[in-house]
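Keeping their order, the protein sequence lines are chains A and B.
Here the first sequence is numbered in the working numbering, starting from 10 and rising by one per residue.
Here the second sequence is numbered in the working numbering, starting from 123 and rising by one per residue.
Treat the hints with caution; some may be incorrect.
Stated by the list, open to error - No farther apart than 25 Å at their CA atoms in a straight line, the calculated lysine-lysine pairs in the DSS-like style are these:
(1) 423(A) to 243(B)
(2) 423(A) to 137(B)
(3) 423(A) to 155(B)
(4) 144(A) to 128(A)
(5) 425(A) to 243(B)
(6) 155(B) to 425(A)
(7) 425(A) to 137(B)
(8) 144(A) to 205(A)
(9) 144(A) to 93(A)
(10) 42(A) to 93(A)
What the hints contain is simulated information worked out from the structure, not anything from laboratory work.
Here's the letter readout for the chains.
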Amino acid sequence: MRYLIIGNSAAAIGAVESIRPRDREGEITILSKEPYYAYSRPLITEYIADVFRDEDLTYRGPDFYRENRIQVHLGIKARAVNPKNRVVLTEDGTEHPYDRLLIATGGTPIVPPIKGLDKEGVFTCTTWDDSKAIKALLPRVKRAVVVGGGLIGVKAAEGLYEAGVHVTIVELLPHIMGRILDAEGAYIFEAYLKGKGLGIITGETVVEALGNGRVEGVRLASGDTLPCDFLIIAVGVRPNVEEVVEGSGIRVNQGILVDRHMRTSVPDVYAAGDVAEGDEMLVREKRVIALWPVAYRQGKIAGLNMAGEDREYEGGFPQNTVSVLGLTTITIGFTEPPEPNGYKVLMRRGPGENDYKKLIFKGDVLEGAILVNSIDRAGILTGLIRARTEIGSNKERLLDTRLGLTALPRAWRKEKLTQPV
Amino acid sequence: MKRVYPREEVCMGCKLCEVACIVEHSLSKDIIKAYKEERPRTLSRARVEEEGPVSFSIMCRHCIDPECLEACITGALYRVNGDGPVLVDPRRCVGCWMCVMACPYGSIELDSRNGRRVISKCDLCPDRRMPACVDACPNRALFYEER
Numbered sequence: 010m011r012y013l014i015i016g017n018s019a020a021a022i023g024a025v026e027s028i029r030p031r032d033r034e035g036e037i038t039i040l041s042k043e044p045y046y047a048y049s050r051p052l053i054t055e056y057i058a059d060v061f062r063d064e065d066l067t068y069r070g071p072d073f074y075r076e077n078r079i080q081v082h083l084g085i086k087a088r089a090v091n092p093k094n095r096v097v098l099t100e101d102g103t104e105h106p107y108d109r110l111l112i113a114t115g116g117t118p119i120v121p122p123i124k125g126l127d128k129e130g131v132f133t134c135t136t137w138d139d140s141k142a143i144k145a146l147l148p149r150v151k152r153a154v155v156v157g158g159g160l161i162g163v164k165a166a167e168g169l170y171e172a173g174v175h176v177t178i179v180e181l182l183p184h185i186m187g188r189i190l191d192a193e194g195a196y197i198f199e200a201y202l203k204g205k206g207l208g209i210i211t212g213e214t215v216v217e218a219l220g221n222g223r224v225e226g227v228r229l230a231s232g233d234t235l236p237c238d239f240l241i242i243a244v245g246v247r248p249n250v251e252e253v254v255e256g257s258g259i260r261v262n263q264g265i266l267v268d269r270h271m272r273t274s275v276p277d278v279y280a281a282g283d284v285a286e287g288d289e290m291l292v293r294e295k296r297v298i299a300l301w302p303v304a305y306r307q308g309k310i311a312g313l314n315m316a317g318e319d320r321e322y323e324g325g326f327p328q329n330t331v332s333v334l335g336l337t338t339i340t341i342g343f344t345e346p347p348e349p350n351g352y353k354v355l356m357r358r359g360p361g362e363n364d365y366k367k368l369i370f371k372g373d374v375l376e377g378a379i380l381v382n383s384i385d386r387a388g389i390l391t392g393l394i395r396a397r398t399e400i401g402s403n404k405e406r407l408l409d410t411r412l413g414l415t416a417l418p419r420a421w422r423k424e425k426l427t428q429p430v
Numbered sequence: 123m124k125r126v127y128p129r130e131e132v133c134m135g136c137k138l139c140e141v142a143c144i145v146e147h148s149l150s151k152d153i154i155k156a157y158k159e160e161r162p163r164t165l166s167r168a169r170v171e172e173e174g175p176v177s178f179s180i181m182c183r184h185c186i187d188p189e190c191l192e193a194c195i196t197g198a199l200y201r202v203n204g205d206g207p208v209l210v211d212p213r214r215c216v217g218c219w220m221c222v223m224a225c226p227y228g229s230i231e232l233d234s235r236n237g238r239r240v241i242s243k244c245d246l247c248p249d250r251r252m253p254a255c256v257d258a259c260p261n262r263a264l265f266y267e268e269r
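Construct the entire structure; sequences and hints are all you get.
Have a look at this one:
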């Protein structure tokens, strides 16, 4: 059996780690656009300020590829999938044959139509090479503007801040971190980050990068200008589909559409991770969920099915753990009720200044949680959301600062703590 | 594999399991040194939960399909020999807390006391035949066995 994987991050590794134990003999080949062994992508922004170094970024080292007998091609871009001949064409003209193919090409940064982005000093920040390029220019940089206050934007701002750069985030929405947090949680982060000296401008956007060859400032929609010698575009990522699917017949919506076995519309071709659009458990629709644990999980399920097992993906949901300059939040599932009726929301501020907790229930089932600052044992809530556990009358107790399993029904403990799980 | 199973019917919440865990994972493995000299003190990987008459000790379940492993962004969490204990390599842990978000049993401890963020969790006491918590329990409220 010849397994071919396009991509070399969480989903690809998840697939390898479920294929290899089940098929000792099969050939596994990885095509990686980036010239690195799998690395911890979420850490690249902290690499800018040397908080994390090369060795910290290793996700699976060279030994991993050798021990699992993976043929890995680094720095080679796939060009096209040809399902009829069962080959993938790479940019160097080579045809790589497959019996089972996994597309795990990840995401690609969205670049909004801003004038003047061809100037020097303009970056996106989604790859290790991006952060290396940013780092190389640091000695010349005093002021940076980050367009976008989402996850990547705030992490890029943090990295630059820690490197001694004066940073301003410009966010179009009323709040930063709007897809991760509700308004209350975002407000806590904004106050905290402003207190640290980070500039945050909301409800505003950059329309033009100014300067002569090199970026020297930005013009905002309001007409105001901000001086900067560095511009980071971090408005989000979208599935990287165009790299391979064009002309292949593989069905695409936002991402590559996959069924519960992570199969695409084309036989023996699977997709997983940020490029895939699979089942979302809470909204019960297909969604792209560009998050590390979801990518690994999808890759793992794809790998199991590629290796001949019959395993269904139970569906993913948003799960974020974000720390910015020492303040941490974990958010799981909905951050606001998706509709006005049928949901119950419990909230608590304090006891600490930045402590905030919010729970969203649909009937007796938890469907969303926000924890700011105090995040101890947050996974108990993730588990309840995933398993759709009936909480009964214990809802208020899940708000306790000391969240524990005593708050769960005794029957739950009986089931979970007396046998292997 | 053998795992530790709590029995809340007979646990009286004495927390000797926590003491034994701290001593076993201290540098000296000596109770006085572990509590009085070593700073910061090792964290217990077992946690006694107590509410009214209900109490039990909970630690990593070493799940069949561990969520923490999937969430770990650095590869610091790993499974011994494919189906053994789930362990953490503290040198590779960067304290991103993704596993804290993932663990449905709340059995991963956060530690930021040494100026470095890192997790600690139950390792089933690799230097012992019987985990220290199980040995220390005066009421047989912890079992270490194959189920």
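Here is how each hint holds up against the structure:
Only pairs whose Cα atoms come within 25 Å are accepted, and residue 423(A) paired with residue 243(B) is accepted, the gap being roughly 22 Å. The hinted pair formed by residue 423(A) and residue 137(B) meets the criterion: a straight-line CA distance of about 21 Å does not exceed 25 Å. Between the alpha carbons of residue 423(A) and residue 155(B) the distance comes to roughly 37 Å, so the proposed pair goes past 25 Å and is violated. For the hint pairing residue 144(A) with residue 128(A), the CA-to-CA distance comes to about 17 Å; that is within 25 Å, so the pair holds.
Proximity of residue 425(A) to residue 243(B) is assessed by CA-CA distance (about 18 Å); at most 25 Å being required, the pair is judged to hold. For a cut-off of 25 Å, the pair hint linking residue 155(B) to residue 425(A) is broken: about 36 Å separates their Cα positions. With a C-alpha separation of about 21 Å, the suggested pairing of residue 425(A) with residue 137(B) holds against the 25 Å cut-off. Distance check on the hinted pair: residue 144(A) and residue 205(A) sit about 22 Å apart at the alpha-carbon level, within 25 Å; holds.
Between residue 144(A) and residue 93(A), the direct Cα distance comes to roughly 44 Å. Violation of the 25 Å bound is thereby established for this hinted pair. With a C-alpha separation of about 24 Å, the suggested pair residue 42(A) and residue 93(A) falls inside the 25 Å cut-off, and the hint holds.
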